[in-house]
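Residues per chain are reported as follows:
Protein chains: 2
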Amino acid sequence: MAETKIDNGVNVDALLAAREALKSAPDAAKFTWRAACKWQNGTHSKSTIQGFHGLGQEQKHKTEFSFEADHPEIFASEDLGATRVEIVLVGLASCLTAGVAAVAQNRGIQLRSVEAKLEGAMDIQGILGIDSDVRNGFDDIKVTFKIDADASKKDIEALVAQSQKRSAVYDCITNPTNVTVEVA
Amino acid sequence: MAETKIDNGVNVDALLAAREALKSAPDAAKFTWRAACKWQNGTHSKSTIQGFHGLGQEQKHKTEFSFEADHPEIFASEDLGATRVEIVLVGLASCLTAGVAAVAQNRGIQLRSVEAKLEGAMDIQGILGIDSDVRNGFDDIKVTFKIDADASKKDIEALVAQSQKRSAVYDCITNPTNVTVEVA
Numbered sequence: 000m001a002e003t004k005i006d007n008g009v010n011v012d013a014l015l016a017a018r019e020a021l022k023s024a025p026d027a028a029k030f031t032w033r034a035a036c037k038w039q040n041g042t043h044s045k046s047t048i049q050g051f052h053g054l055g056q057e058q059k060h061k062t063e064f065s066f067e068a069d070h071p072e073i074f075a076s077e078d079l080g081a082t083r084v085e086i087v088l089v090g091l092a093s094c095l096t097a098g099v100a101a102v103a104q105n106r107g108i109q110l111r112s113v114e115a116k117l118e119g120a121m122d123i124q125g126i127l128g129i130d131s132d133v134r135n136g137f138d139d140i141k142v143t144f145k146i147d148a149d150a151s152k153k154d155i156e157a158l159v160a161q162s163q164k165r166s167a168v169y170d171c172i173t174n175p176t177n178v179t180v181e182v183a
Numbered sequence: 000m001a002e003t004k005i006d007n008g009v010n011v012d013a014l015l016a017a018r019e020a021l022k023s024a025p026d027a028a029k030f031t032w033r034a035a036c037k038w039q040n041g042t043h044s045k046s047t048i049q050g051f052h053g054l055g056q057e058q059k060h061k062t063e064f065s066f067e068a069d070h071p072e073i074f075a076s077e078d079l080g081a082t083r084v085e086i087v088l089v090g091l092a093s094c095l096t097a098g099v100a101a102v103a104q105n106r107g108i109q110l111r112s113v114e115a116k117l118e119g120a121m122d123i124q125g126i127l128g129i130d131s132d133v134r135n136g137f138d139d140i141k142v143t144f145k146i147d148a149d150a151s152k153k154d155i156e157a158l159v160a161q162s163q164k165r166s167a168v169y170d171c172i173t174n175p176t177n178v179t180v181e182v183a
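Chains as they are written, first to last, in numbering that gives the first Met the number 0: chain A, 0 to 183; chain B, 0 to 183.
So that you can see chain A by itself, here it is in the shape it has in the complex (with noise of 0.2 Å):
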């Protein structure tokens, strides 16, 4: 019988030959991600992405990507883009869905599809100031995958576990990071 050979489109040699290569360069490890944000109008704003810092030297995107955001007509904003919490829960949910497609890939298991539904619960109580008791963030965010994979219920189940342990995203929002901010 011919070996099937197993793509999911992550090049995990290039992945674990970078590991190896970090182990050695610490420094090299150290990433600096950055936004830019520029308020239009209102509640409507546009970020962009570009440069990066890490492997010790500046980086770019292949292209600058850009982002509008906003709040939606039943807070009397016109709509012209996702709201930031929506924009979180994308990032969570691409965070977790890469980490699945890699884990996959270095276990030796086809993925077929890979859908992720985010329900992110919020209490605007918080964020208009009614009752200080409310967090102003989610309360709670549920995540379902469904998968469609070479693989058993249990061994899918262990790819996703297995994502949620490296997801950068999923850290960031399940433990507290420091955030700075000032005024130039």
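In case anyone wonders, no lab produced these hints; they're calculated from the structure. All of these numbers come straight from a predicted model, not from anything done at the bench.
Identical chains blur together in the list; that is why a pair holds if it fits in one copy or across any two.
As a list, the in silico BS3-like pairs of lysine-lysine whose alpha-carbon atoms are at most 27 Å apart:
1) K37 <-> K61
2) K145 <-> K164
3) K116 <-> K29
4) K37 <-> K141
5) K59 <-> K37
6) K22 <-> K164
7) K45 <-> K61
8) K141 <-> K116
9) K45 <-> K153
For this one, chain A is given, so just place chain B on it according to the hints.
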């Protein structure tokens, strides 16, 4: 001297009316924000946002917003979208920026321009699994605002401080949130 009308494009009257209305209907303040994510190939995924729940019923953005995420070429990926952690920075930047506009409107301060630059430090030894003492997410995030407005430096700093105090994404990043992940 004619009174100059302050207009940052934020309908503060509508927001204050909503605050009053929700005080007597706290169930309507319970929102659910959603995102859906579909794996494309490798570390590339596409997320979409449209429906949400709030004010006691299903709601919908005027249009569907879509977001591509990927890893850069230095991680042996195709760089077809921003990284997930950069997307989180976009959420934070645009949340604080909208807050500045809303608070300025409420305080009668005319804004001319608001720009935010964000830097998030991350040691990728975490996500690569090199050192389990290194966290996966950001070590810290620095936000620098440049604001041109009809106000003193002190009043501008107070605007930014109030925006932080009411920001959903600032709360989400600086405080822990419970995330449940399931496989359907």
